[in-house]
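Protein sequences, first through last, are from chains A and B.
Residue 110 in this note's numbering is what sits at position 110 of the first sequence, and the numbering runs on without skipping anything.
Residue 77 in this note's numbering is what sits at position 77 of the second sequence, and the numbering runs on without skipping anything.
By construction, these hints were calculated from the structure, which means they are not laboratory data.
Even glycine gets a Cβ: it sits at the ideal position worked out from N, Cα and C.
You can trust all of the hints, since none of them are fake.
Dumping the calculated DSS-like pairs for lysine-lysine here, alpha-carbon to alpha-carbon at most 25 angstroms: (1) A:K354 - A:K389; (2) A:K246 - A:K473; (3) A:K473 - A:K457; (4) A:K324 - A:K276; (5) B:K258 - B:K35; (6) B:K80 - A:K389; (7) A:K389 - A:K367; (8) A:K367 - A:K135; (9) A:K219 - A:K208; (10) A:K193 - A:K129; (11) B:K347 - B:K303; (12) A:K324 - B:K56; (13) A:K473 - B:K57; (14) B:K56 - A:K473; (15) A:K208 - A:K193; (16) A:K367 - A:K348; (17) A:K366 - A:K297; (18) B:K80 - A:K424; (19) A:K420 - B:K80; (20) A:K354 - A:K366; (21) B:K80 - A:K324; (22) A:K473 - B:K27; (23) A:K8 - A:K297; (24) B:K57 - B:K35.
Covered, in the sense of this in silico footprint (three residues per stretch, anywhere, with C-beta under 8 angstroms from a C-beta of chain A), are these stretches of chain B: (25) 19-28; (26) 62-71; (27) 83-89.
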Amino acid sequence: MSDATPRKAISTGADWDFDLIETYDAAIADIARNEYGLDTYRNQIEIITAEQMLDAYASTGLPVGYPHWSYGKEFIRNEQLYRTGQQGLAYEIVINSDPCIAYLMEENTMAMQALVIAHACYGHNSFFKGNHLFKQWTVPDAIIEYLHFARRYVMACEERHGADAVESMLDSCHALMSHGVDRYHRPAPLSLKAEAARLKEREAYAEKQFNDLWRTLPKTERPVEAKVQERYPAEPQENLLYFIEKNAPNMEPWQRELVRIVRKLAQYFYPQGQTKVMNEGWATFWHYTLLTRLHEKGLVTDGFMLEILKSHTNVIFQPPFDAKYYSGINPYALGYAMFTDLRRICEKPTAEDKQFFPQLAGSDWKKSLDFAMRNFKDESFIAQYLSPKLIRDFRLFAIADHESQSDLGVDSIHDEAGYKRVRKLLASQHSFEERVPDVQIQRYSRDGDRSLTLQYKLHRGRPLSEAAAEVLKHVRFLWGFPVKLEYLGPNDNVLETRQVA
Amino acid sequence: MNHLIDRRLSGKGKSTVNRERFLRRYKTQVRAAVKQMVGERSIKDMDRGGEVHLPKKDIAEPSFGFGRGGEREFVLPGNKEYVTGDRIPRPKGGGGGNEAGSGDAQDSFVFSLSREEFMHIFFDDLELPRLARTVLGTTDQFKSIRAGYTTQGAPANLSVYRTLTNSLGRRIALGGAIKQKAAEVEAELERAFHEGRGEDVARLEAELTRLRGRHTKLPFLEELDLRYRNRVLRPEPVARAVMFCLMDVSASMDEEKKDLAKRFFTLLYLFLTRKYKQVELVFIRHTEEAEEVDENTFFHDTKSGGTVVLSALEMMDTVRRARYAEGWNVYAAQASDGDAFGSDPAKSARFLREMILPMTRYYAYIELAPEITSHASNLWAEYEVLAGQNENFAMRRAARREDIYPVFRDLFAKTATQK
Numbered sequence: 001m002s003d004a005t006p007r008k009a010i011s012t013g014a015d016w017d018f019d020l021i022e023t024y025d026a027a028i029a030d031i032a033r034n035e036y037g038l039d040t041y042r043n044q045i046e047i048i049t050a051e052q053m054l055d056a057y058a059s060t061g062l063p064v065g066y067p068h069w070s071y072g073k074e075f076i077r078n079e080q081l082y083r084t085g086q087q088g089l090a091y092e093i094v095i096n097s098d099p100c101i102a103y104l105m106e107e108n109t110m111a112m113q114a115l116v117i118a119h120a121c122y123g124h125n126s127f128f129k130g131n132h133l134f135k136q137w138t139v140p141d142a143i144i145e146y147l148h149f150a151r152r153y154v155m156a157c158e159e160r161h162g163a164d165a166v167e168s169m170l171d172s173c174h175a176l177m178s179h180g181v182d183r184y185h186r187p188a189p190l191s192l193k194a195e196a197a198r199l200k201e202r203e204a205y206a207e208k209q210f211n212d213l214w215r216t217l218p219k220t221e222r223p224v225e226a227k228v229q230e231r232y233p234a235e236p237q238e239n240l241l242y243f244i245e246k247n248a249p250n251m252e253p254w255q256r257e258l259v260r261i262v263r264k265l266a267q268y269f270y271p272q273g274q275t276k277v278m279n280e281g282w283a284t285f286w287h288y289t290l291l292t293r294l295h296e297k298g299l300v301t302d303g304f305m306l307e308i309l310k311s312h313t314n315v316i317f318q319p320p321f322d323a324k325y326y327s328g329i330n331p332y333a334l335g336y337a338m339f340t341d342l343r344r345i346c347e348k349p350t351a352e353d354k355q356f357f358p359q360l361a362g363s364d365w366k367k368s369l370d371f372a373m374r375n376f377k378d379e380s381f382i383a384q385y386l387s388p389k390l391i392r393d394f395r396l397f398a399i400a401d402h403e404s405q406s407d408l409g410v411d412s413i414h415d416e417a418g419y420k421r422v423r424k425l426l427a428s429q430h431s432f433e434e435r436v437p438d439v440q441i442q443r444y445s446r447d448g449d450r451s452l453t454l455q456y457k458l459h460r461g462r463p464l465s466e467a468a469a470e471v472l473k474h475v476r477f478l479w480g481f482p483v484k485l486e487y488l489g490p491n492d493n494v495l496e497t498r499q500v501a
Numbered sequence: 001m002n003h004l005i006d007r008r009l010s011g012k013g014k015s016t017v018n019r020e021r022f023l024r025r026y027k028t029q030v031r032a033a034v035k036q037m038v039g040e041r042s043i044k045d046m047d048r049g050g051e052v053h054l055p056k057k058d059i060a061e062p063s064f065g066f067g068r069g070g071e072r073e074f075v076l077p078g079n080k081e082y083v084t085g086d087r088i089p090r091p092k093g094g095g096g097g098n099e100a101g102s103g104d105a106q107d108s109f110v111f112s113l114s115r116e117e118f119m120h121i122f123f124d125d126l127e128l129p130r131l132a133r134t135v136l137g138t139t140d141q142f143k144s145i146r147a148g149y150t151t152q153g154a155p156a157n158l159s160v161y162r163t164l165t166n167s168l169g170r171r172i173a174l175g176g177a178i179k180q181k182a183a184e185v186e187a188e189l190e191r192a193f194h195e196g197r198g199e200d201v202a203r204l205e206a207e208l209t210r211l212r213g214r215h216t217k218l219p220f221l222e223e224l225d226l227r228y229r230n231r232v233l234r235p236e237p238v239a240r241a242v243m244f245c246l247m248d249v250s251a252s253m254d255e256e257k258k259d260l261a262k263r264f265f266t267l268l269y270l271f272l273t274r275k276y277k278q279v280e281l282v283f284i285r286h287t288e289e290a291e292e293v294d295e296n297t298f299f300h301d302t303k304s305g306g307t308v309v310l311s312a313l314e315m316m317d318t319v320r321r322a323r324y325a326e327g328w329n330v331y332a333a334q335a336s337d338g339d340a341f342g343s344d345p346a347k348s349a350r351f352l353r354e355m356i357l358p359m360t361r362y363y364a365y366i367e368l369a370p371e372i373t374s375h376a377s378n379l380w381a382e383y384e385v386l387a388g389q390n391e392n393f394a395m396r397r398a399a400r401r402e403d404i405y406p407v408f409r410d411l412f413a414k415t416a417t418q419k
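Pulled out of the complex, with its shape left as it was, chain B reads as follows (with noise of 0.2 angstroms):
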């Protein structure tokens, strides 16, 4: 009559749906909350969930009930001292005692983002195509591996174990037959010799001279008994990469553009972390001069001074052959307003082409412009060039958050290709 049902297999996550549509319908105030979370948090921080919190009164469902004031009694337990006709002050903010009390800690509406939420708010952000996923592009370093045997091979490979092994296995399988059949011969002759049969005890004394010769010509080695270890060569990823961030920090950089920066940085660090074990960040930032500094200083400082793009590139290649000469994928994003002056741009540009690009696997510079159509700096002038010949330099203009990923289309791109 009564039926007793196992429900726990049969899916949870009902209300996804509906938190879906909740976080969809207060997209704005999430994504003010998520831009926040983006300021406050350092680039290796922004791969997690967050709090959010929304003013209570926004969420709010309307409905009829009543307000304050008119005249209600209401019944309330637990006396302890009253008696009829006692007069009580009035709790601060009027209403009924019983509502007291309960004041501001719940003005604002409290919820946690996933990750996935997180990002998905964050990318969405960035215009970003689901592609997060793919991998980067191969990795040149390889390691040599063992892979078995092989018949060919240089001397010093040779796997005499191997090889000998071979002999041996040969020389049975060939000689037993020959040492079998010498045997008998042998046998035979012992016979004939005590049988007195002469020319039977010669015949056989032919035959087995003729077999012990076969016997003792057989090869010690043969061509065929060669092995030699083989190895081959794998492609081996690098699981470590250093990505420098570079940007100007003189005076016309402001705290929109850093923002901005920040997050192109972070969509480049995001990048790699899916790709590499370990992802080390420099962050260079440059003036007249340009100086290592940790993140915080970087995002959060200011320095005000002239722009020379060249000492960052200098800097850039000095830490990179100091710290990470050997066994590193080497990154690079470069942001900057663009205004450099005099020769600075074509030196930069040199610079770029002949040191960096060439023992670098990407370079990203991005020139945060006030608006896209205002036209376009010295450096930027001086790095298209660069951008025509090399394949691992991605350029491009940004004056919202959405122009910032197609900065790294082309490398997905080239990517997803070669898959």
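Excised from the complex, chain A in its bound form (with noise of 0.2 angstroms):
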């Protein structure tokens, strides 16, 4: 496959400068927009230290956050797992924005920094780009705007109303972060400009309401007529911290503002939890065709390749259930594996594959995988494409955990019989529904005692952990009156409830 006049290296050895990197970012550049077809954001490469990527981490990757003791745990947890070398750091953080910024740690050698910039600047970068749940769901380009403007109005706020109020605040809108998105319906676009109107609407409006005869009034002890109660919310609501900004009963309106900004980061997240392995994989599979073609052109050296191959075979490594390190699937090992197969279905299909996927089977390798990339997130790409031959090579095997039963059974394994149930199982592994319980909102009682009530069915019987106790209390904290949570059977029987008054 190599080209008939092999090219000289780019370079040998393992150091690296500014302008090598620039040469070695136009050379995969080239490749991936001229061979392969990838549509990315521009980039914007930055090299850090280990010590800024250390801070990196514990913002979550984002490049500008608010103050909040969780972060702070964050970094001291990697910190120390850093130091005393239970753990390497990443070779890389990429951001989800339009420049997409990717940080390389300057620690890198030359090859890993072309590895990195092969994995980001074109894999992520490219998923980012054209992947149907970010495109929805986040606004590349106001991004780091919106994180700027979050922080200014966090700090702004402490200022104002004390550090421990907002933390307070900021604490329980984290413990209801996961149930702060909407699910089903795209949300508005961000903008700053539109962020500071509605801001000083919120505050015109604070200051038009505002009279000081309301608090001489004499208190009336009239009792509440009981109205025929129409059910608000008509529906229930899902998206927990939503509803809390736009009704509770007594919040200030920088609360409201702080409950929003934590919303939004859950939702630009959100994207993100759902297609782990999609973007992992897909990433990992372009830095491997993109950095083996360099190879090919004759641009980089075998010393070069090699450095590539060992860490490229670390990263899909998947340690198997019974290992000691082993920790859940690898969602690297899993998407990369299932892009890989996806081009090989393509390309050299098996009678099996035939059997499968009809409609993949002997098609343009490129354009399947890029079909898959835009439309799918990680619960329909599994479901849809997981091949037997993939089941057979991780070996692939379902159990079952029913309470009911004293042991644990092997419901199914990379079988004739079992394909299509360890696919179905290992898609549903990586729902949201899986992963996130389902509490909604049920009752909002506005003419009442102004309590809210949640409502969670039980999913399959599975109870909520301890934790929501906790949580509980976070939401009555935000709410500012009694909050119930009621558990729901499989006939919508109310089966127990508990209260935080």
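Using the hints, put the two standalone chains together into the complex.
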């Protein structure tokens, strides 16, 4: 496959400099765009130190963040792990923004920098730009601006209302972060100008409403007339933070704004949580493909390629379930294997593939991969594309853990009868519903005691974890009035009610 | 199209503020940890960071999640021998097979306090204003050092070389013109002599004699030439200090009081280490009699008996004379609950005034009272008189940790005004 005229390698040796990085970047960009047609945002490559990498870790990769103790905890944890040698640092961090910001660590060798550029600047970047979840839920050209706004706002609040008041607000909002996203409809796009205008309006309203005379009115003890109560909200609400922001009876405007900020952040991370396998798989597939091509063109040396392959194989290693260091299915491994397999199915389909994927076998692999990248999330991607061959390669098997039985059962394995079942289970294992319990707001007794009722419908009999009691306290704090949590059984009968008065 | 930015210089420590937030939030726990470290550490090791363990559940951030129970399936990689329908006993602790094994090693969240953070919390506890870096008062040792030359001085300091150099220079400067003039006159005389101008010869001869006379009359040494080696006295900090820790270990001193005393001693020690290169510690404990012990025994060993303060003071004086007589800054810190009887308080106060205070740079006494309002002891009453008369004596009653720092406040207030 190699070109007729082997060219001279761009560099030899481990050292990098800025010119070299630019040369490599240009070479990789050339292959990515012109040979494989990857469509990306512009790239902004930033060289940082290990210490800065630790900082970036703590703020979940975001370049700007508001101050909060939980980031400090995260920082301390990572720092400790790093210092005691239990954990290395990631080679890169990439931010879903336009331009797409990628951090490269200065300690990396030239080969590693090239790997990271291929992985982050062309792999992740094209995924951010192409995947439908990212397109719908995030606004990459506004996120950095918004983060700056959030930071300034939180700090201004701290100055005005005290760090403790802000901290307890944020604590409570963070507890509900996973329930602060519109799962099904696309949120309004972010824009700094609109945010500022909305903020002003909110303040103006508060000022207009203020009249000191109200304070002097004597309190009457008129009994509340029992009206025919409309049900409110009309439909159960899944976005708890949104509902609280809009409806909490006694919340100050600045508190509502903090709820909103946390909500917006949760929304920004929402697609990432649902496309871990795809996103990492896509980026890994492309760094492998792009760098291999670079090698074929004679632009890099064999030594360079060996170093790349060494870290590549580390990244896609999947330990078996009974290994000491097993910690779940490695999204890099699964994702990479799936995209590679997808290409294989397109190029060299077997009889089995033709049976399982009639529409894919023999198609143009670039188009098929592109389609997969754009239109799926982990759950549907696995359900759609996990091939029997991969199930065999990974030796996947499903375990059933049913409370009613004293032991675990092997539900299905990598055999003819089990392929579809294993695939279905692995897919649902990656669904949002499996990870985040479906807690919804059922009633807000607007005309009564203003209490809020949440409902959790037991998902296959699985109860909420013990932390739920703590979370409920946070909801109570945000809401300002009593909060109830009802557990619903299979027939929508209330099994249990927990209350924080 | 692509930007490459070097961010390496644009500052680390983005997380510093978050780290501080974290410490602030868990202040109680961190303080408790620091307190424990203070208890375990030697005074000399106090000045470094340490590791803090926080229970994981204390710092957890709750969110809605699934608990144990109900029905679920999960997919695992790496099947070896299982076939559909196999039954596997539940691993201990229920849950899925993958969660077992990651047991108790993770129960607590461990992190290191830096030296600064440790000291901050340590001092914070003592309600210490940010004075820790203030330099202690001047020292009274001087060293005579060479400082060039002066025109006045004792004959013993005369610098012969410098003086003669000056003399030579002066004689060249003053004599050069005369010599030249004399040479001219001599040449003229020669010519006059050859030409036979009689009166000229006589006049020139007289002139020559006068000039030669002037030259020889130039003094070999003049007051002006004298140079003396100059010496000035420079205050020389004595780089060594010895700190005597005196503590009453009679039965009434319980662990709580000893902990208080330890902080008190530590504080003085830390101040001293900022000032002196070498600080030695002498631990003297006393009941009815005093003995010199090592630090561990000092703080942790119990001994019962009565109280004779004087014994400790005498012991200190003996040790000082024997080992620290010259070239040492002597500091002393005494901790006691003040239970002294009979003539002992009065004798101790007198001994302190006459024998110890004159030789000591600073003497701090702390009386560990059960509560600050309880009535003062006999020893306190006697010492109180001393405090009025001596600047280098400070005393304070302390029932809680925050009472300790003010003992040193006077010392720092004084040096601050001196500066």
